[in-house]
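Engineer: Residue strings, one per chain:
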Amino acid sequence: GEDVEQSLFLSVREGDSSVINCTYTDSSSTYLYWYKQEPGAGLQLLTYIFSNMDMKQDQRLTVLLNKKDKHLSLRIADTQTGDSAIYFCAEISGNTPLVFGKGTRLSVIA
Amino acid sequence: DVKVTQSSRYLVKRTGEKVFLECVQDMDHENMFWYRQDPGLGLRLIYFSYDVKMKEKGDIPEGYSVSREKKERFSLILESASTNQTSMYLCASSLSGQGADQPQHFGDGTRLSIL
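Quick mapping for you: the protein sequence lines, in order, are chains A and B.
Add 247 to a position in the first sequence, counting from 1, and you land on the number used in my numbering.
Add 99 to a position in the second sequence, counting from 1, and you land on the number used in my numbering.
FYI, nobody ran anything at the bench for these hints, they're computed from the structure.
Treat the numbers as computed from the prediction; the structure is a model and nothing was measured.
Among the clues, some could well be false.
[Stated by the list, open to error] Simulated crosslink set (DSSO-like; lysine-lysine; CA at most 30 Å straight-line):
no.	chain 1	residue 1	chain 2	residue 2
1	A	K349	A	K283
2	B	K170	B	K156
3	A	K315	B	K169
4	A	K349	B	K102
5	B	K170	B	K112
6	B	K169	B	K156
7	A	K303	B	K156
8	A	K317	B	K156
9	B	K169	B	K102
10	A	K349	B	K112
11	B	K152	B	K112
12	A	K317	A	K303
13	B	K102	A	K283
14	B	K152	A	K315
15	A	K314	B	K170
16	A	K314	A	K303
17	B	K102	B	K154
18	A	K303	B	K170
19	B	K169	B	K117
20	A	K349	A	K314
21	B	K170	A	K317
22	B	K117	B	K154
23	A	K303	A	K315
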């Protein structure tokens, strides 16, 4: 089946940029998503990108998509302690449910 | 804003009990999903539904069933609860029958413990 891979942990200092990476296998992916999960809560949609785009920016968030390498990244500028959470990458193609990565736990050190 | 409500945040049940987890969404979404989340394993899809009275097995349906009698409600049933079903359960919903360009919206989760 289709697969989405992420590194499990990332640690950054407050004020630095964070970059969370994701790779996927489905070449027919139409949309790719980033979700954020804070402790004890459900998943909150952060942003998404259509597969014919290579970049999307939304305030402190920048999503880069390299479709050739099937690589997606989420950059958080000026990372704050409130950004500490688990970040999930997910992809969808056609009439199928989202395929999620296992999540990257971001720890922000003050 | 879309609201997906799971009936319980925390639930403790005994082995062998029949357990019902309820999920309600208020945005007339066609698609609804049940996942379980375990450390190191991420989200795993249990069952999903693209319409009333319709259900599809996800990746790990064994030991579970679902019910979708009304569009807004999707229930997950543990027929005979076992300790390996102790987990965080997440419900989600999305618009459109195809699910292609509509993101999933999640509830806050139910942390279920089976003793």
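Engineer: Hint by hint, say whether it matches the structure.
Structural biologist: Here is how each hint holds up against the structure:
1. Taking the CA atoms of K349 of chain A and K283 of chain A, the gap is about 12 Å. The hint holds against a cut of 30 Å.
2. Distance check on the hinted pair: K170 of chain B and K156 of chain B sit about 18 Å apart at the alpha-carbon level, within 30 Å; holds.
3. Pair hint K315 of chain A plus K169 of chain B does not hold up; C-alpha atoms about 42 Å apart against a cutoff of 30 Å.
4. This hinted pair checks out: K349 of chain A and K102 of chain B have alpha carbons roughly 24 Å apart, not beyond 30 Å.
5. Proximity of K170 of chain B to K112 of chain B is assessed by CA-CA distance (about 28 Å); at most 30 Å being required, the pair is judged to hold.
6. This hinted pair checks out: K169 of chain B and K156 of chain B have alpha carbons roughly 19 Å apart, not beyond 30 Å.
7. Distance check on the hinted pair: K303 of chain A and K156 of chain B sit about 34 Å apart at the alpha-carbon level, beyond 30 Å; violated.
8. The straight-line distance between the Cα atoms of K317 of chain A and K156 of chain B is roughly 27 Å, inside the 30 Å bound, and the hint therefore holds.
9. Taking the CA atoms of K169 of chain B and K102 of chain B, the gap is about 16 Å. The hint holds against a cut of 30 Å.
10. With a C-alpha separation of about 27 Å, the suggested pairing of K349 of chain A with K112 of chain B holds against the 30 Å cut-off.
11. Simply put, K152 of chain B and K112 of chain B have alpha-carbon atoms about 27 Å apart, close enough for the 30 Å limit, and the pair holds.
12. Simply put, K317 of chain A and K303 of chain A have alpha-carbon atoms about 16 Å apart, close enough for the 30 Å limit, and the pair holds.
13. For the hint pairing K102 of chain B with K283 of chain A, the CA-to-CA distance comes to about 17 Å; that is within 30 Å, so the pair holds.
14. This hinted pair does not check out: K152 of chain B and K315 of chain A have alpha carbons roughly 40 Å apart, beyond 30 Å.
15. A C-alpha spacing of about 36 Å is found between K314 of chain A and K170 of chain B, which places the hinted pair above 30 Å, so the restraint is violated.
16. Using a Cα cut-off of 30 Å, the hinted pair K314 of chain A and K303 of chain A holds, with the two alpha carbons roughly 14 Å apart.
17. In summary, the hint linking K102 of chain B to K154 of chain B is supported, as the alpha carbons are separated by about 22 Å, within the 30 Å threshold.
18. Pair hint K303 of chain A plus K170 of chain B does not hold up; C-alpha atoms about 34 Å apart against a cutoff of 30 Å.
19. Only pairs whose Cα atoms come within 30 Å are accepted, and K169 of chain B paired with K117 of chain B is accepted, the gap being roughly 21 Å.
20. Proposed proximity of K349 of chain A and K314 of chain A is supported: the alpha carbons are some 20 Å apart, at most 30 Å.
21. A C-alpha spacing of about 36 Å is found between K170 of chain B and K317 of chain A, which places the hinted pair above 30 Å, so the restraint is violated.
22. Taken as a hint, the K117 of chain B and K154 of chain B pair is honoured in the structure, with Cα atoms around 20 Å apart against an allowance of 30 Å.
23. With a C-alpha separation of about 17 Å, the suggested pair K303 of chain A and K315 of chain A falls inside the 30 Å cut-off, and the hint holds.
Comparing the model with each earlier hint shows violations of hints 3, 7, 14, 15, 18 and 21; every other hint is respected.
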